[in-house]
Amino acid sequence: SQTIHQWPATLVQPVGSPLSLECTVEGTSNPNLYWYRQAAGRGLQLLFYSVGIGQISSEVPQNLSASRPQDRQFILSSKKLLLSDSGFYLCAWSDRVWTQYFGPGTRLLVL
Amino acid sequence: AQSVTQLGSHVSVSEGALVLLRCNYSSSVPPYLFWYVQYPNQGLQLLLKYTTGATLVKGINGFEAEFKKSETSFHLTKPSAHMSDAAEYFCAVSERTSYDKVIFGPGTSLSVIP
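Just so you know, the protein sequences line up as chains L and E, in that order. Numbering follows the working numbering, in which position 111 of the first sequence is assigned residue number 111; successive positions increment by one, without gaps. Numbering follows the working numbering, in which position 39 of the second sequence is assigned residue number 39; successive positions increment by one, without gaps.
No wet-lab data here; the hints were simulated from the structure. Errors might be hidden in some of the hints.
Sample of chain L residues at the chain E side, in silico, Cβ under 7 Å [stated by the list, open to error]:
(1) 40
(2) 77
(3) 90
(4) 94
(5) 98
(6) 100
(7) 102
(8) 103
(9) 104
(10) 105
(11) 109
Just so it is clear, CB atoms sit at the ideal spot from N, CA and C, and this is done for glycine as well.
Isolated chain E (complex conformation) (with noise of 0.2 Å):
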């Protein structure tokens, strides 16, 4: 069965500064993998997903990923950290069935210290 780690339950980091926040999954065949945000008492909204082609991917608000095959990881980044990126941030993968399963990391909440 898939998994999806994040390493760091919660992360702080200084406005302006870079954001890294650590996903690994495991899986035998090359997946789809997500990233989502979490704003206090809101739903998750979709910051960026990997389907096929280029292994860089770009979101919104300024995030990216990048997806290593080699090792199983798929790292969100932001260059500079913005207040309102304070929030909590899963990482999901795909696992194929026929109903479109997601498997879900436990989190990262992200603190952004002005």
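Chain L extracted, bound-state conformation (with noise of 0.2 Å):
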């Protein structure tokens, strides 16, 4: 069976440093990948996806960027960290008939 694991579970960070977020995806081959913030007590934004390695496309600008070195791997980064990117990061992956999986998320406060 398919496993979607994230990591860190919780970071704490001060503003202006970097980040990086990671998630793999066992047990599948050649899935998409999405990246998602959750903002507190609010819904879901895509922030990016992936169709496959190295292809990274953005639903909207920001302090953050993505990257899919391996096929079953994406990570989420940051030079400089904002007060306002504080949330809990959310990894999904999909099966190529729109359903979505998700790990269990990464919370973030930027202080």
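These two chains come separately, so use the hints to put the complex back together.
Structure (structure tokens):
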């Protein structure tokens, strides 16, 4: 069966510091991959999606970037964090039939 | 563009009572429809989905939803609420793109009163 991992689970970072969140998927090949952000008490905002290695599309302009160095690895990065980057970051994969499966999430607090 | 509305950002029910969470979507073609549940500090878990075929879809934890094309609705129900059902529920609709785009509703927070 397929599983999706995210780490770290929780992260506290100062403003201006870099960020790297990692997501890996097991048990499937060539999935579509997604990064979402969920601000406190709000819905999901799609940040990035990827349909293959090295193929990244951004849904909204922002302080963040994403990379997909391997088929089942998706990384969310920032060179300098802002206070507004705080939130709950969710990685998801899809089976190319529109069903998305989510990881456990990373709680990021920027101080 | 697709959109999803969920009537009621907060819903409270008594334990053992019927759960009804409402979802309406806008779409010019029959979409795929989903309900997800999110427990505090966790990711989203797929409850059920409608793709084609039978319009009454059964999911996990005793939940079910009915696709009504004429009403563009996909309401989620459970006959008897349990304390463990307290969570955030998201309705979602597919958008026919090359990357399985899914549009999520704003969510409904369900509280279960003992």
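* **Hint check, failures only** => Those not satisfied are hints 1, 2 and 11.
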